[in-house]
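Chain by chain, the residues:
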Amino acid sequence: MSDVLVAPFQFEFMQRAFVAALIVGTLCSTIGTYVVLRKLAFIGDGIAHASFAGIVIAYLRGLDYYVGAAIVAVATALGIGFVNRRAKVSLDTAIGVLFTGAFALGVFLMSRLPNYNVDLQGFLFGNILAVSRADLVLILVLSALVSIVLLLLYRPLLYTSFDPVVAEASGIRVAFIDYALLVMLALTIIVSLEAVGIVLVAALLVTPAASAYQLTRRFTRMLALSVAIGASCAVAGLYLSYYLHSASGATIVLLATLVFFMAMASSALARRRSRLSL
Amino acid sequence: MTAVRLREVTVRYERLVALDKLDLTLDEGQCLGIVGPNGSGKSTLLKTVAGLVTPVSGIVEVFGVPPRRLEPGTIAYVPQVEAVEWNFPASVADVVAMGRFPRMHPLSRFSRRDRQAVDSALEALRLGDLRNRTIANLSGGQQQRTFVARAIAQEPRLLLLDEPTTGVDAATEDALLELVRGLVKQGLPVLMTTHDLDRAADWFDRLMVVDRRVLANGDPETVLASGAYAGIREHSHVHGHARTEPGTVP
Ligand SMILES: Nc1ncnc2c1ncn2[C@@H]1O[C@H](COP(=O)(O)OP(=O)(O)OP(=O)(O)O)[C@@H](O)[C@H]1O
Ligand SMILES: [Mg+2]
Numbered sequence: 001m002s003d004v005l006v007a008p009f010q011f012e013f014m015q016r017a018f019v020a021a022l023i024v025g026t027l028c029s030t031i032g033t034y035v036v037l038r039k040l041a042f043i044g045d046g047i048a049h050a051s052f053a054g055i056v057i058a059y060l061r062g063l064d065y066y067v068g069a070a071i072v073a074v075a076t077a078l079g080i081g082f083v084n085r086r087a088k089v090s091l092d093t094a095i096g097v098l099f100t101g102a103f104a105l106g107v108f109l110m111s112r113l114p115n116y117n118v119d120l121q122g123f124l125f126g127n128i129l130a131v132s133r134a135d136l137v138l139i140l141v142l143s144a145l146v147s148i149v150l151l152l153l154y155r156p157l158l159y160t161s162f163d164p165v166v167a168e169a170s171g172i173r174v175a176f177i178d179y180a181l182l183v184m185l186a187l188t189i190i191v192s193l194e195a196v197g198i199v200l201v202a203a204l205l206v207t208p209a210a211s212a213y214q215l216t217r218r219f220t221r222m223l224a225l226s227v228a229i230g231a232s233c234a235v236a237g238l239y240l241s242y243y244l245h246s247a248s249g250a251t252i253v254l255l256a257t258l259v260f261f262m263a264m265a266s267s268a269l270a271r272r273r274s275r276l277s278l
Numbered sequence: 001m002t003a004v005r006l007r008e009v010t011v012r013y014e015r016l017v018a019l020d021k022l023d024l025t026l027d028e029g030q031c032l033g034i035v036g037p038n039g040s041g042k043s044t045l046l047k048t049v050a051g052l053v054t055p056v057s058g059i060v061e062v063f064g065v066p067p068r069r070l071e072p073g074t075i076a077y078v079p080q081v082e083a084v085e086w087n088f089p090a091s092v093a094d095v096v097a098m099g100r101f102p103r104m105h106p107l108s109r110f111s112r113r114d115r116q117a118v119d120s121a122l123e124a125l126r127l128g129d130l131r132n133r134t135i136a137n138l139s140g141g142q143q144q145r146t147f148v149a150r151a152i153a154q155e156p157r158l159l160l161l162d163e164p165t166t167g168v169d170a171a172t173e174d175a176l177l178e179l180v181r182g183l184v185k186q187g188l189p190v191l192m193t194t195h196d197l198d199r200a201a202d203w204f205d206r207l208m209v210v211d212r213r214v215l216a217n218g219d220p221e222t223v224l225a226s227g228a229y230a231g232i233r234e235h236s237h238v239h240g241h242a243r244t245e246p247g248t249v250p
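Residue numbers (our numbering), protein chains in the order written: chain A, 1 to 278; chain B, 1 to 250.
No lab work stands behind these hints, which were simulated from the structure alone.
The beta carbon of each residue, even a glycine, is placed where N, CA and C say it ideally should be.
Don't take every hint at face value.
Residues from chain A shown here face chain B by an in silico Cβ test under 8 angstroms; the list is partial [what the hints assert, rightly or not]:
#1 Tyr34
#2 Leu37
#3 Phe162
#4 Glu168
#5 Arg217
#6 Leu258
#7 Met262
Okay, the calculated bits of chain B under chain A, using three or more residues with CB under 8 angstroms as the criterion [to be verified]:
#8 24 to 30
#9 49 to 56
#10 65 to 74
#11 102 to 108
#12 139 to 146
No more than 20 angstroms apart at the CA atoms, straight line, and that leaves these computed lysine to aspartate or glutamate pairs for DMTMM-like [claimed, not checked]:
#13 Lys185/B / Asp129/B
#14 Lys185/B / Asp174/B
#15 Lys185/B / Glu173/B
#16 Lys21/B / Glu8/B
#17 Lys39/A / Glu85/B
#18 Lys39/A / Glu82/B
Please model the entire structure based on the sequences and the hints provided.
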């Protein structure tokens, strides 16, 4: 048994992959708690897709993919925040139009490259086994930054997620908190792109927190459960993919989805039991 | 000391004039009641004082500065309709504890002092038995009490209550009256709207009748006896549209 657990670690790239999975799983499920409670899932998906344009533009200019993706992701996050506060158009519509547009721009630019050797599949679905030492350092630095900001803003984030109007009246800078959360969301998505890819990152943001929400009606417990589910699914999913020779991002997300349905079933059972005992 | 000072404050929603050159002064240790028919701008007035709505002209000062420049935690506001996420995973005690957040430093822990403030607010609103109840599972009146308790736990320097007695039972109203009068006696300024004219004299030191403008202002009994309120009610009843039309900007 211990052989089974240890075996993957003989490879250095697997060691890096496990560290990356643990960090990404933890970070996504932490910020995911706010994503679920504030209904930002579609925004997260939009930011991820838009960042693809950044990746391609960075490639064309010979820049680091991460830098390109991060600039576009943060810019779109701030843009959404602005639209959300000001515009009269529905936010869903704005995201649907703009982000699929940005994604299409990325695909368009890429398809016109004479002989592109960018790993499109890797960007779309992630390739955690390809995380380099430098990537890992970047993931560590960005996730530390996001964690510190989330920790410092813990109370105002909680208050404004629940009751932005009264929070504002009592002197909390709601606009600042909202923008800060969106920027942290953008950075989290960037950190996660290599691990799970553009298409699957939204699942990692939403599924662990949504599962936790099925199991508790207290915020701190939801946050803790979400992190526990997210981190363990990421690590366990990576193990599974190693032995099943499957795509790691997809395996992690599938495992999280399975946990979600189990949480739903157990919460339905618990409700039924409490109804019967009444 | 003057807690709230409004000078010729005009508030507009698009073309609708909700407040028209309104003047108001509220001193510390005073409970000021605002009455007026539906749509007369009472809630808008409170939102303006809270800094949630920005007037197009005029001056709004709370303790001598614009509301947005106050120290966090200065104003506690209980809205008429709570626009919260009702399915939020929070208990009654969790929500009341939020009242302590504005003044807390990012890394400080929830102190004994904070916990005491939460407990006494829960007790004052008779929420002790419900403290661990999820907010989604409360009745309307219990929810209202929870939000009043949160405002009390904040220990603000100014309290804004938008129809806090609407939809609560008589016992709760009495408890609330006693609580508010006690705070006012300690020097807290309170600005409160209501539709309950019968008990205005118990609640308020001063009563203002508002219909976009101040129609009457003074001692509650005098104001009610003057018939200022009855007048506009009649008016709005007879000329259904006339009340809103003069307010709209052509
Ligand atoms: N957010 C808004 N956008 C546009 N118009 C608004 C908005 N809020 C209020 N109004 C309008 O402004 C006017 C004043 O509304 P307000 O809510 O201040 O009245 P009120 O005196 O509190 O009424 P009620 O007794 O029903 O609570 C009304 O005509 C209302 O339709
Ligand atoms: Mg109102």
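Structure-based check of all given hints:
1. Tyr34: violated, 11 angstroms
2. Leu37: Since chain B brings a Cβ to about 6 angstroms from Leu37/A, closer than 8 angstroms, the hint holds.
3. Phe162: holds, 5 angstroms
4. Glu168: With a closest approach of 6 angstroms, the Glu168/A hint holds.
5. Arg217: Result: holds, 4 angstroms to nearest chain B Cβ.
6. Leu258: Not OK, violated: Leu258/A not within 8 angstroms of chain B, min 23 angstroms.
7. Met262: violated, 19 angstroms
8. 24 to 30: violated (count 0)
9. 49 to 56: holds (count 3)
10. 65 to 74: With 5 residues close enough to chain A, the hint holds.
11. 102 to 108: Our answer is that it holds, as 4 residues pass the Cβ test (under 8 angstroms) against chain A, meeting three.
12. 139 to 146: Per the Cβ count (0), the hint is violated.
13. Lys185/B / Asp129/B: Violated, at roughly 28 angstroms.
14. Lys185/B / Asp174/B: The given pair, whose Cα atoms are some 16 angstroms apart, holds under the 20 angstroms limit.
15. Lys185/B / Glu173/B: holds, 18 angstroms
16. Lys21/B / Glu8/B: holds, 4 angstroms
17. Lys39/A / Glu85/B: holds, 10 angstroms
18. Lys39/A / Glu82/B: holds, 18 angstroms
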